[in-house]
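> Given two chains presented individually in distinct reference frames, assemble the corresponding complex, making use of the accompanying hints.
Going down the list, the protein sequences come from chains A and B.
Heads up: the first sequence at position 249 corresponds to 286 in the working numbering, and the numbers run straight through without jumps.
Heads up: the second sequence at position 165 corresponds to 145 in the working numbering, and the numbers run straight through without jumps.
These are calculated hints, taken from the structure and not from any lab test.
Remember, predicted model here, so these are calculated numbers, not experimental data.
Incorrect hints may have been included.
[Said to hold, decoys possible] Per label pair, the in silico range of CB-to-CB distance:
hint: 1; chain 1: A; residue 1: Leu177; chain 2: B; residue 2: Ile164; range: 54 to 62 Å
hint: 2; chain 1: A; residue 1: Met247; chain 2: B; residue 2: Phe42; range: 52 to 60 Å
hint: 3; chain 1: A; residue 1: Thr248; chain 2: B; residue 2: Ile258; range: 34 to 42 Å
hint: 4; chain 1: A; residue 1: Trp92; chain 2: B; residue 2: Trp184; range: 47 to 55 Å
hint: 5; chain 1: A; residue 1: Val143; chain 2: B; residue 2: Ala171; range: 47 to 55 Å
hint: 6; chain 1: A; residue 1: Leu54; chain 2: B; residue 2: Thr43; range: 46 to 54 Å
hint: 7; chain 1: A; residue 1: Val143; chain 2: B; residue 2: Pro45; range: 31 to 39 Å
[Stated by the list, open to error] Straight-line Cα separation of at most 25 Å, DMTMM-like style, residue types lysine to aspartate or glutamate; simulated pairs:
hint: 8; chain 1: B; residue 1: Lys(-12); chain 2: A; residue 2: Glu233
hint: 9; chain 1: B; residue 1: Lys121; chain 2: A; residue 2: Asp304
hint: 10; chain 1: B; residue 1: Lys(-10); chain 2: A; residue 2: Asp242
hint: 11; chain 1: B; residue 1: Lys181; chain 2: A; residue 2: Glu40
hint: 12; chain 1: B; residue 1: Lys181; chain 2: B; residue 2: Glu170
hint: 13; chain 1: B; residue 1: Lys(-17); chain 2: A; residue 2: Glu40
hint: 14; chain 1: B; residue 1: Lys166; chain 2: A; residue 2: Glu340
hint: 15; chain 1: B; residue 1: Lys83; chain 2: A; residue 2: Asp46
hint: 16; chain 1: B; residue 1: Lys29; chain 2: A; residue 2: Asp304
hint: 17; chain 1: B; residue 1: Lys(-17); chain 2: A; residue 2: Asp137
hint: 18; chain 1: B; residue 1: Lys166; chain 2: A; residue 2: Glu40
hint: 19; chain 1: B; residue 1: Lys83; chain 2: A; residue 2: Glu340
hint: 20; chain 1: B; residue 1: Lys(-10); chain 2: A; residue 2: Glu233
hint: 21; chain 1: B; residue 1: Lys166; chain 2: A; residue 2: Asp242
hint: 22; chain 1: B; residue 1: Lys(-12); chain 2: A; residue 2: Asp137
hint: 23; chain 1: A; residue 1: Lys80; chain 2: B; residue 2: Asp136
Here a beta-carbon is modelled for each residue, glycine too, at the ideal position from N, C-alpha and C.
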Amino acid sequence: MVEKTPILDFFTYVFLLLGIFIVGFPILYSLIAATLPLEEVVKVPMPLIPGDQFWVNMKEAWSRGDLGTQILNSVIMASGITVGKIAVSMIGAFSIVYFDYKFRVVAFASVFCTLMLPVEVRILPTYEMAANVLTPIQALCNLLHLEGLLSWFTGNDITIDLNWSLLDSHTGLILPLVASATCTFLFRQFFLTVPEELCEAAKMDGASPMTFFRKILFPLSKTNIAALVVIEFVYGYNQYLWPLLVTTNPKMTTAVIGLQNLIPQADDLPEWNIALCATLLVMLPPVLVVLFMQRWFVKGLIEKEK
Amino acid sequence: MIKRSFFKSKYLPYLLILPQMVVTLTFFYWPAVQGLFQSFLLSDPFGQKSTFVWFYNYIELFTDPLYLKSIFTTFVFSLAVAFVSLSMGLFIASMANRALQAKALIRTMLIWPYAVAPAISGILWLFLLHPSYGIVALGIKKWIGIDWNPVLYGSDAMVMIVMASAWKQISYNFVFFMAGMQAIPKSLIEAAAIDGASPFKRFWFISFPLLSPTFFFLTVMNIIYSFFETFGIIHTITQGGPGGSTNILVYKVYQDGFVGLNLGSSAAQSVVLMSLIIVITFLQFRFVEKKVQYGG
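So here's chain B without its partners, still in its complex pose (with noise of 0.2 Å):
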């Protein structure tokens, strides 16, 4: 789309788009590209020379074990870093949108975990589960009686970083679901009311099926946020153990590429996540499309 009215020079535009390019071509482009031409190569262990071997590579990533573990893995932790998240949000924003006093103060204390960095509430959560030291680790061990150790288990090591995921992502999506809420007309509310529904039906029936969008929005932006920028958080307390059950695909690639140096094998994963994040993009761009024909 362009202006009904606009201006005609000859080279202005060009220069002043030429930052954009020169950082996008340099930086997104050129490795995009070398990356995918390095997942049909394979180089001989010190690296002198490297041999083009059509699809070997994702070959062997796809019969790997430990790379379908990987996806495994991944699935489990999105999905639980989403729902977790999500329900929070959900049930805290809805709280607060029925608050009638100090609203204000109630959305600054609870929207200020957006500004912690995923890897500094890897951290916290890592002290409060600390196996010896941790509170909320005494507390599972006294009232739920499993012996609990992340270091040692692998299950408990992914209940640790879904609680420090999750936990993050709240405020973000507290913000959205309250701003979704203040959007509802009242008069929908109040027509409702006089009809006679309670305030649980009129969430149920009304304020929910209106938040939809909302909820899908926020359901793909939390599969993208455990996806990637959960990265610090794995990297700071995990390092994907013990025995890669926390071993998420990022980290996976970041393994075996700047650690493993198995150029190849990285090459191809990274592959195969760009092709997901297209596939998550698309998804997104074809449900803003419908929330605009929704009406709004």
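Bound conformation, chain A alone (with noise of 0.2 Å):
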């Protein structure tokens, strides 16, 4: 610091608490109350002295919310949006960067346009989409009058039905969600600061283009892919609409929307320890990988929004 402010310092750090305790209230307040008993619970004001019921709680959290099977769904779905965003964007800059062809710009511009369409503002169409998802096929054999062709080709009757759903199926939950506007972007950013002479240097060796892209382009992107593992995780396992949507067996439900039935409604018993034990446990998964990737996830957060 420029100069000596020992006051000032002071209330820094008072003020700094304070933020942190805003912050972190929310969380320690639960854990509190995960804690407890139900006739502590619902006492007002609640104890502030954790109680000994930690494990009780967890144990009856767990079998209640079913949450080893949710829990997993969560985590396959969030690493399946992972997994294939990073995989499909990364290929997909890789041929708008380093490839010239006609559909080039086309492409990059049908890319683009997707940021302006999230889940929230096409859910029925999206919905009925993922129900059948051969819609379009079905679609162009019906403009085409295909089936009285064929019929008439072969002399029997033939329909053509296309059906193929991804309701309640982890395709359905991660397939939807692997396209992504700006991971494709950040990777688009990073290969046009990666130097020519890396390429010229590669097709000089007789490299074939999948080649550079194994051997020298991947290397040179992992810092930006640790990056992008914290950010897409963590939107996977905390995505709410589209699991709502495609999900009605509870036992492919994702663990945010499990939650929901915990909830003690107005007739229930107000049992806030086991619902809040809950909500402790789903929170978990993500919140660790935040706080080990750190670094990466400062990075990927703000060189993927900019």
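Next up, the structure:
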């Protein structure tokens, strides 16, 4: 610092502690509530000394919410989205930056425009799409009167009924979310900063495009990939609307959605200790990822959004 | 933009872009076009057939007092969330930037709520603000002296969802403000200090103006967040109630379309939201260009 300001420094720390307290308070308070038996939680005000029921509550929450299955579903979904997004957008960006072809600008523009179409603005049609992914092909068949044509050609009655539903499946949870404009941008931006000489040298040595990608571009992108892994894992794990739409089977639901069943409603026993135990358990995986990969996280967050 | 040295291949680039194209076409463009088309249709109550009705759905929508109320609710909500989370984020970041010791620890303690799902933040605040058991609700009743009950009163429910949404977003804003402050050249601050500017003056006349690009960017991001990503919070803790007082636009699309099965109206609402996000994206990109001219 440029000058000595003991009083101001003191207040800085006081306000910082206060800020950390405000940010941490909801969790701290829930942690305490999670250790108390039912009769203590509903006391007004609730005691602020942790009780000894933590493991009992945790076990109850684990079995009642079927958290094992649901957290597994969430982790599968989050990992699938992370890997899928990074793979799809990385090769996409490679194609856009390192090749010259007619379709290039169109491809880039169409990826760019998906920024303006979040799931939230196309809820129903996307659901219908997931209920039968082959709808466009069916529409094409109908348009071309393929049925009639085939019937005429073969002499039999032929009906074309294409149906492939993604509802209540991991594929359905993952696939529609793997296209990402922001990831493609990030990789495109990064590839543009890679020195031209590397590509020239590789070409001179007779490397094929895929060898160049595998041996040079991929190793160079490792930091970017690490940063995106954190961001996309958190994104995938915390998805709400999409899993709510595509899953109806409790065995396929994700943990964040499943929690709703544990919140005490007006007529239930106010078992907040159980509900909060489950809540804390469910939020643990992404929080751990962010805390342990903090360096990558901050980098990823700032570079991705720019 | 393309590299000066590039590869030539007949089919490889198409193959590489194919997965991206297949997913965007099936899950983004086809549904969007369907939605647009559906917004001009009116289906009968049994969903048997639909008739083309031009702008009937839109006219219905903008003369529906419930929809107008939902627009108003959304704006109040997003402005409140942006204001609370931005001011908290800026305040904490400016304090953290002054701290000399334990910087890494302070950062760790402040960034983890980013990883908390909006719905989970909702549950935590539902408990804190529970009219019978919540400790914050107790404080409000005792010290402010109002009859706090988000289950009954719309304004209380609104305060609840604003708190839940803003709390989660503080750490996001904190990370960006912190990065913005660290990018400000130390020499500027030192020069001002030599000229006798107090720490407050230095913040207000140097740091704050230099942070204005970050500030604008975060305002846009916070508004997008409160428009779209807070769906989980609303769905978990208020379901748009009481009496539609927390029924923001995104939630209404879901309710009318997925629960109420009013397809035409829901599609028209989706199209309205789509145009809104196009405007926001456009504004954002205009601004990004400006930021570059500003000097990085």
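> Run every hint past the structure and note whether it holds.
Going through the hints against the structure:
no. : hint                               : in the structure
1   : Leu177/A with Ile164/B: 54 to 62 Å : holds (57 Å)
2   : Met247/A with Phe42/B: 52 to 60 Å  : holds (53 Å)
3   : Thr248/A with Ile258/B: 34 to 42 Å : holds (41 Å)
4   : Trp92/A with Trp184/B: 47 to 55 Å  : holds (52 Å)
5   : Val143/A with Ala171/B: 47 to 55 Å : holds (50 Å)
6   : Leu54/A with Thr43/B: 46 to 54 Å   : holds (53 Å)
7   : Val143/A with Pro45/B: 31 to 39 Å  : violated (43 Å)
8   : Lys(-12)/B with Glu233/A           : holds (15 Å)
9   : Lys121/B with Asp304/A             : holds (23 Å)
10  : Lys(-10)/B with Asp242/A           : holds (21 Å)
11  : Lys181/B with Glu40/A              : holds (14 Å)
12  : Lys181/B with Glu170/B             : holds (12 Å)
13  : Lys(-17)/B with Glu40/A            : violated (49 Å)
14  : Lys166/B with Glu340/A             : holds (22 Å)
15  : Lys83/B with Asp46/A               : holds (14 Å)
16  : Lys29/B with Asp304/A              : violated (42 Å)
17  : Lys(-17)/B with Asp137/A           : holds (9 Å)
18  : Lys166/B with Glu40/A              : holds (13 Å)
19  : Lys83/B with Glu340/A              : holds (21 Å)
20  : Lys(-10)/B with Glu233/A           : holds (22 Å)
21  : Lys166/B with Asp242/A             : violated (46 Å)
22  : Lys(-12)/B with Asp137/A           : holds (7 Å)
23  : Lys80/A with Asp136/B              : holds (22 Å)
The earlier numbered hints that this structure contradicts are 7, 13, 16, 21.
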